[in-house]
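Participant: Given only the sequences and the hints, what does the whole structure look like? Please build it.
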Amino acid sequence: MIRVGLISDTHGLLRPQAVAALQGSDFIVHGGDIGDAGILDALAAIAPLTVVRGNNDREAWAEAIPETAFLKVGDVHVYAIHDLSQIDIDPAGAGVRVVISGHSHQPKVEERGGVLYVNPGSAGPRRFKLPIAVAELIVDGDAVSARIVELPL
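Residue numbers (the working numbering): 1350 to 1502.
Rather than coming from a laboratory, the hints here were simulated on the basis of the structure.
Honestly, I wouldn't trust all of these hints.
Computed Cβ-Cβ distance ranges for the label pairs, DEER-style [said to hold, decoys possible]:
| no. | residue 1 | residue 2 | range |
| --- | --- | --- | --- |
| 1 | G1373 | L1420 | 29 to 39 Å |
| 2 | A1492 | A1409 | 18 to 28 Å |
| 3 | R1475 | G1423 | 29 to 39 Å |
| 4 | G1463 | R1496 | 11 to 21 Å |
| 5 | N1405 | K1457 | 18 to 28 Å |
| 6 | W1410 | G1462 | 35 to 45 Å |
| 7 | E1416 | L1362 | 16 to 26 Å |
| 8 | G1463 | A1409 | 36 to 46 Å |
| 9 | G1361 | I1395 | 32 to 42 Å |
C-beta atoms are modelled at their ideal positions from N, C-alpha and C, and glycine is treated no differently.
Facilitator: What follows is the structure, encoded as structure tokens:
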């Protein structure tokens, strides 16, 4: 069993509650709108990190960060993109089992057409009345499951 911690939309704020929730992850994926390069260093100190650039990541430090990323977790192919409306592949056709996104700040886990879509929501500054959250992806062989972890503030 492999545990992947999912975080997005930190916008320069890495809360200690988010760090605590991600402890014990085998991998971490940041879905963009990072806001500060130091956040990537802190996350990479917990587990191997995959990150995509969000629409607000415009500073020089973010230029080398890709807009999309593929990774293989065990036997499962995962695709990450900040804004799901910008997806440029057919996930099922590309053999992708999980799509990780951010952007909306709305945490969501949904399976469509054999593909699990996970948006961990925002772990950074609160937007409107949306929860502050991260998510956890569990990969067990070719089985996947995900859950939203609302952070206590």
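Participant: It remains to establish, for every hint, whether it holds in the given structure.
Facilitator: Status of each hint after checking the structure:
Distance hint for G1373 and L1420: a CB-CB separation of about 19 Å, inconsistent with the stated range 29 to 39 Å. Range check, A1492 to A1409: about 41 Å between beta-carbon atoms, so the 18 to 28 Å window is missed. One distance hint, 29 to 39 Å for the beta-carbon pair R1475 and G1423, holds here, with the actual separation near 34 Å. Checked against the hint of 11 to 21 Å, the C-beta distance between G1463 and R1496 comes to roughly 19 Å, which is consistent with it.
At about 20 Å, the CB distance of N1405 to K1457 agrees with the hint of 18 to 28 Å. Take W1410 and G1462: their Cβ atoms lie about 36 Å apart, and the range 35 to 45 Å holds. Checked against the given bound of 16 to 26 Å, the beta carbons of E1416 and L1362, roughly 22 Å apart, stay inside it. At roughly 40 Å, the beta carbons of G1463 and A1409 sit within the given window of 36 to 46 Å.
In this structure, G1361 and I1395 break the distance hint of 32 to 42 Å, their C-beta atoms being roughly 18 Å apart.
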